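Novice: With the sequences and hints as input, model every part of the structure.
For the protein sequence lines, the chains are G and X, in the order given.
Just so you know, the working numbering puts 178 at position 178 of the first sequence, and the rest follows in order with no gaps.
Just so you know, the working numbering puts 227 at position 227 of the second sequence, and the rest follows in order with no gaps.
None of these hints come from the bench; they were simulated from the model.
Treat the hints with care, as some may be off.
Unchecked claim - With a straight-line Cα cutoff of 25 Å, these simulated BS3-like cross-link-like pairs (lysine-lysine) come out:
#1 G/LYS56 <-> X/LYS227
#2 G/LYS91 <-> X/LYS233
#3 X/LYS233 <-> G/LYS208
#4 G/LYS184 <-> X/LYS233
#5 X/LYS86 <-> G/LYS226
#6 G/LYS208 <-> G/LYS184
Quantities reported herein were computed from a predicted structural model and do not represent experimental measurements.
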Amino acid sequence: MKTHRKTLAFSCAMIIMGMLLSVQYQSTNTAERELYQQRPENLIAMIRNLTDKRSKLSLEMADLSNQLADRRNAFEDQTLVAKSIEQELSKLEIVNGSRAVRGRGLEVTFLSTSMVQYSDLITLVNELWASGAEAVSVSGVRIISSSYIYYRPADGGLEITVSNQPITWPLKILAIGDSNNLEKGLTLPGGFIDMMAFNKIYPTLRQKEALELPAVNLSQRFDYLKEYVAAENTAAQTGTTAAQGS
Amino acid sequence: MLRQSLRSVFTLTLICFMIGGLFALYLRYAPSSQSQTNALSQRMDNLVSTINNLEQEIAAYEGIVQTSRDELAGLENQAQTEWLRKLQEELHGAKLRAGLTPVTGPGIVITLDDNVVGQKADPNGDPNAYIIHYEDLLAIVSELKTGGAEAIAINEQRLITTSELRCVGNVILVNTTRIAPPFVIHAIGDPSILADMVTYGRLDPLITEGFPVSVSEDQALILPAYKGELQFKYTTFS
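Specialist: The structure is reproduced here in structure tokens:
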């Protein structure tokens with residue numbers, strides 16, 4: 001009798017413990033709690049960005065499945081394969097800046113009298129990507145993943161450089177993309193333009209129908225980086241090292 | 001006899017304690033979904049669940065994109081003719097430069113976290129002074145690029161040309177993906193140059209202010225591929 005009761009008590013305790021743990025786990029899901037701490041308008045902004053990303057991803061899925069279909073035809077139709085490779089390549093050429101591009105977008109101009117800092121330009125370029133820019137150039141230098149904006153001493157002062165090229169005045173930053181969204185991204189309350197005005201810098205924004213951005217002048221080369229191939233696939237690794245060298 | 005009753009008292013105490021704990025937790029967390037049925041919390045629930053759903057869908061889509069890209073890469077070596085093989089090699093090189101392949105190489109690992117200790121010691125101070133902001137990450141990333149970093153990832157999000165860093169409220173996003181502290185930045189390049197750039201750069205004030213920061217060199221980092229989309233609607237070639 002006693003043992004029965006004890007067993008019952010023990011099982012009850014265990015059940016409660018289990019429930020306790022599960023309740024705690026659910027309620028302290030930090031990723032979700034973090035969202036509850038935000039203001040509704042911020043959550044709405046996040047939803048807008050995520051929805052945009054989802055629709056772009058579904059386009060990407062369609063692209064890739066078309067490519068897969070084309071490339072499975074390799075044995076029958078090589079021109080089809082070549083076409084699909086060239087399509088993929090052209091996207092990568094935009095990302096890598098290996099070809100000059102054109103399109104509508106936004107032009108941001110700073111006059112030589114403005115006291116713009118190199119860090120302002122880093123912020124600006126980042127804001128443009130965040131507002132959906134597809135390609136960006138600063139003072140005629142195309143921005144790619146390895147581009148850097150910095151400064152160096154010149155004529156007793158400092159000059160801003162973009163991937164080691166000194167900028168020229170008036171300084172123009174060009175971004176291809178939805179020109180309305182690009183402008184909105186910079187003119188949000190408390191955004192880039194407000195921040196600049198606080199420092200008495202007043203760049204002009206102009207939406208343009210046709211911007212021309214140059215290709216990068218140096219193609220990217222790697223001294224440290226190699227493609228990572230999982231260990232079991234060594235045959236492919238030698239293949240890719242050869243491709244890298246080309 | 002006395003001993004046994006003592007023992008059952010103990011057991012009972014334990015059980016009561018647990019029920020109590022459970023009830024306390026219930027009171028603390030359950031009302032957010034039950035009694036607070038006012039319009040605002042309802043709206044918050046809707047917004048948060050929309051975000052959760054979108055994030056799950058996006059993760060699923062990214063998985064499909066990744067699988068398709070891997071499958072395409074697997075078909076690469078089947079080229080029959082010389083010109084097609086050349087084209088595929090060109091594609092492969094372009095993918096490597098764009099950040100669409102996992103990469104390996106020497107470099108540094110930076111970890112930084114919110115200054116929890118500092119905040120506890122200063123409960124009435126501005127909490128913003130004790131958290132890492134996206135501006136800090138942007139500054140560090142820029143310094144790494146100036147130091148010649150060949151590939152960078154933050155919390156396993158690979159940075160490509162179009163990658164942005166932003167914040168919504170106090171949530172930091174990279175590639176539209178939420179990331180949370182501790183932040184771990186991997187950068188491939190010359191380890192000592194990269195370490196110097198950040199140590200004498202943005203990390204310096206953070207360390208002075210008491211943020212937990214570490215920088216370590218590594219001879220064989222592995223950075224993941226970019227998982228997101230590459231969609232261009234406005235760009236054509238000149």
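Novice: None of the hints should be skipped; say for each whether it holds.
Specialist: We went through each hint and held it up to the structure:
As the CA atoms of G/LYS56 and X/LYS227 are separated by approximately 12 Å, the hinted pair is consistent with the 25 Å bound. A threshold of 25 Å between alpha carbons decides the hint, and for G/LYS91 with X/LYS233 the separation of about 11 Å falls inside it, so the pair holds. The straight-line distance between the Cα atoms of X/LYS233 and G/LYS208 is roughly 16 Å, inside the 25 Å bound, and the hint therefore holds. A C-alpha spacing of about 18 Å is found between G/LYS184 and X/LYS233, which places the hinted pair at or below 25 Å, so the restraint holds.
Proximity of X/LYS86 to G/LYS226 is assessed by CA-CA distance (about 20 Å); at most 25 Å being required, the pair is judged to hold. With a C-alpha separation of about 14 Å, the suggested pair G/LYS208 and G/LYS184 falls inside the 25 Å cut-off, and the hint holds.
Of the numbered hints given earlier, the model fails none.
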